[in-house]
Amino acid sequence: MKESMLSTCEKSFITDAIAEGKRLDGREMDESRVMRIYFGTDWGCCQVSLGETKVLAQVSCEVQKPKTTRPNEGMLFLNTELSPMGSPHFEVGLQSELAVQLNRLLEKCIKDSRCVDLESLCIVAEEKVWVLRVDINVLNHEGNLVAAASAAALTALSHFRCPCVTVTGQETVIHDPSEKDAVPLNLHHYPVCVSYAIFNKGEHIIADPTAIEERVSEAQVVFGVNAYRELCGLHLGGSSLTSHDLILQCANRAARRAAEVVQIMKLALKEDADARAAGKSVGFSECIQETKLLALSQKQLGLQLDTSQLRGETLKLVQKKNKHIMYDEKGVKVDSGQDDRDEDVEVEPSVILLDRGSAELLPKQKRIKTERTVPTEAGVGEGGQNQWMKIEGDNESLDESDEVMSSPSDVEVIKEVSYEGNKLVDSIELSGDSEEEETVVLNAADVNMSVENTDDSGTSENIRNWYPVKQW
727 MKESMLSTCE KSFITDAIAE GKRLDGREMD ESRVMRIYFG TDWGCCQVSL
777 GETKVLAQVS CEVQKPKTTR PNEGMLFLNT ELSPMGSPHF EVGLQSELAV
827 QLNRLLEKCI KDSRCVDLES LCIVAEEKVW VLRVDINVLN HEGNLVAAAS
877 AAALTALSHF RCPCVTVTGQ ETVIHDPSEK DAVPLNLHHY PVCVSYAIFN
927 KGEHIIADPT AIEERVSEAQ VVFGVNAYRE LCGLHLGGSS LTSHDLILQC
977 ANRAARRAAE VVQIMKLALK EDADARAAGK SVGFSECIQE TKLLALSQKQ
1027 LGLQLDTSQL RGETLKLVQK KNKHIMYDEK GVKVDSGQDD RDEDVEVEPS
1077 VILLDRGSAE LLPKQKRIKT ERTVPTEAGV GEGGQNQWMK IEGDNESLDE
1127 SDEVMSSPSD VEVIKEVSYE GNKLVDSIEL SGDSEEEETV VLNAADVNMS
1177 VENTDDSGTS ENIRNWYPVK QW
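Per the working numbering, residue 727 is the first one in the sequence shown, and the count goes up by one each step.
No lab work stands behind these hints, which were simulated from the structure alone.
Please note that the accuracy of each hint is not assured.
Listed next, the in silico EDC-like pairs over lysine to aspartate or glutamate satisfying Cα-Cα at most 16 Å (straight line) [stated by the list, open to error]: (1) K748 - E736; (2) K854 - E817; (3) K834 - D971; (4) K1006 - D861; (5) K854 - E799; (6) K927 - D742; (7) K927 - E944; (8) K927 - E939; (9) K927 - D907; (10) K748 - E939; (11) K837 - D861; (12) K748 - E929; (13) K791 - E845; (14) K793 - D756; (15) K737 - E940; (16) K737 - E944; (17) K927 - E897.
Simulated restraints on C-beta separations [claimed, not checked]: (18) V1008 - S786: 37 to 47 Å; (19) F739 - P797: 55 to 65 Å; (20) S786 - F739: 43 to 53 Å.
Built from N, CA and C at the ideal position, the CB exists for glycine as well.
Given only the sequences and the hints, what does the whole structure look like? Please build it.
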């Protein structure tokens, strides 16, 4: 499955936020996520959780013939698997570019630094040696895989136990752990990978980047540093130009972070050893969070903001925008005691709090000034005196005044027509026992119904609605 593309808005939002010194998950620029280490029931099996990034490492061994160039040394192999369980865009069977790069970084940091004593893995020189294989499986990808994978590989190697071997002449016996205790591996140091992301041409650097920050960043720097502040590996990827001062600054930060990770690993190993010695149950049951519906599940890669301090800032912005409206700490409107109707002003778009974390922007409105009228005397319906004026005079004078005040209408009435007669609808009987419809036959006299009206001139006229009269 192809990896989903990031929009330009998301990229610009992340870049602008980092330029202001803020990250999407609320961390500081040089702050790393919490690392947790869990061990399985078998030796050499551990899971490292760096935030939401989860990696599982398993160490196994077998007896083989050594190399001719190094006949008295064992061998170490690292294998990284990126399955669709870690991320939907990881494919099965095909090694992606990310898997190859991750495997090379781990080999350069762990294998080439010779942190494992390979000579202690020799059983019989030039004949039999132990071959160690570290399988690293990505359970969930949420950024900074190289740091989680390196910590998981080193912890699994420190936790692993090789079976005890007895050589008698030409006979070699490998004892079961129940017969003889297994032998732990000898590690000289713990080279830990520390990753940084670079933004804005080296102006801003963040530690422990997430997956979306890695995709938006211009370059990435990976340091392999042990607890003795020794540089075991360096990888620079990307197109951003970096200076010498920037590399040295990141190296000093990586050394401090490596010392912290080594202390976390040693503390986890000690707690597991004490639990096994006390006979307590061990395994991955502790890493399963019962409070969640889905354990070890991948969250959707999206923008997540820390909303702990947003409410206070929102109230300040709302009060600044709506100067005529005041809100308290809970977001409830407070009456300011002033009347908005005293002024005729243009009101800017108002922001009204609807619910926690939501707001609505109302359109621009104009408030019209309204004057308040204070009655000096009691009005109608309030117990005042009757204000009607009484006009004395006869009715004829009132009629004459009405005629004078009335103005002639634009419509002139020529003739009034009225019709009174029997209507056909009134003569139809709807009630009856017969199921058949009653048939009514109209005569010529019924069709030629007319009304004779006489006007003021004395002439008569036959009117049949607005149709002309026909002679039958």
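Note to self: Flag every earlier hint the structure violates by its number, smallest first.
What the structure shows: 2, 3, 4, 9, 14, 17 and 18
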